[in-house]
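S.K.: Spelled out from the first residue to the last, the chains are:
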Amino acid sequence: QKEVEQDPGPLSVPEGAIVSLNCTYSNSAFQYFMWYRQYSRKGPELLMYTYSSGNKEDGRFTAQVDKSSKYISLFIRDSQPSDSATYLCATTTSGTYKYIFGTGTRLKVLA
Amino acid sequence: GAGVSQSPSNKVTEKGKDVELRCDPISGHTALYWYRQRLGQGLEFLIYFQGNSAPDKSGLPSDRFSAERTGESVSTLTIQRTQQEDSAVYLCASSLDQNQPQHFGDGTRLSIL
Chain D
2 QKEVEQDPGP LSVPEGAIVS LNCTYSNSAF QYFMWYRQYS RKGPELLMYT YSSGNKEDGR
62 FTAQVDKSSK YISLFIRDSQ PSDSATYLCA TTTSGTYKYI FGTGTRLKVL A
Chain G
9 GAGVSQSPSN KVTEKGKDVE LRCDPISGHT ALYWYRQRLG QGLEFLIYFQ GNSAPDKSGL
69 PSDRFSAERT GESVSTLTIQ RTQQEDSAVY LCASSLDQNQ PQHFGDGTRL SIL
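Quick note, the sequences are listed as chains D and G, same order.
Plus 1 on top of the position in the first sequence (first one is 1) and you've got our numbering.
Plus 8 on top of the position in the second sequence (first one is 1) and you've got our numbering.
Treat the hints with care, since some could be wrong.
[Said to hold, decoys possible] Capping the alpha-carbon separation at 20 Å, the derived lysine to any residue pairs in SDA-like fashion look like this: (1) D:Lys99 to G:Lys19; (2) G:Lys19 to D:Arg42; (3) D:Lys3 to G:Glu52; (4) G:Lys65 to G:Gly79.
Everything labelled a hint here was simulated from the structure, so no lab data went into it.
Just need the whole structure built from these sequences, with the hints factored in.
M.R.: And the structure:
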């Protein structure tokens, strides 16, 4: 079993839709949770950085962590064609720098 | 402000050749990381540098891989006697310190013929 599981997609949605991207993880020691966006032939760009459980909002993006279910989500409101990219979740334990990444979900927002 | 800069952006070489990849971290970032991204797979940790401390090389896949960093500046990742399975995107990241989020460069796309 992989430490972080993520559906590869592709996920296609119409412009303006609410998008839900999800990851599950296996290690209950994970405490920091990140979402990165990666455009084709570019490096991952940090979108959200959260600690422990709860929600964090930044503009159209909301990150949600449910440690009891070992489930993390990224919601994108009012999705735009420019949101079309691969979204990577990542996690790590406290006091370590080795991020464990999911394989990424490819999102397509159709105009 | 400048982000993490990597060069070259693309590298094509023949099997058996040595390659050197370069990373310029964000100014002031003491921590530097190298990852490998293979098609359809998650990013794979290779090596970590923090200031003048001994690097964590635990992710390097074989002794053909090595990396250096001078102080808190440029790092180079060297792959000797390249093999076809080394074909991947090599990503560099930096952070203010090990407890801060990592910021990535655009990577070097390495193709071994």
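S.K.: For every hint, state whether the structure bears it out.
M.R.: Hints versus structure:
1. The suggested pairing of lysine 99 of chain D with lysine 19 of chain G is violated, with an alpha-carbon distance near 26 Å, which exceeds 20 Å.
2. Proximity of lysine 19 of chain G to arginine 42 of chain D is assessed by CA-CA distance (about 14 Å); at most 20 Å being required, the pair is judged to hold.
3. Under the criterion of a C-alpha separation no larger than 20 Å, the hint pairing lysine 3 of chain D with glutamate 52 of chain G is consistent with the structure, at around 13 Å.
4. Restraint check for lysine 65 of chain G and glycine 79 of chain G: satisfied, since their Cα atoms lie roughly 17 Å apart, inside the 20 Å limit.
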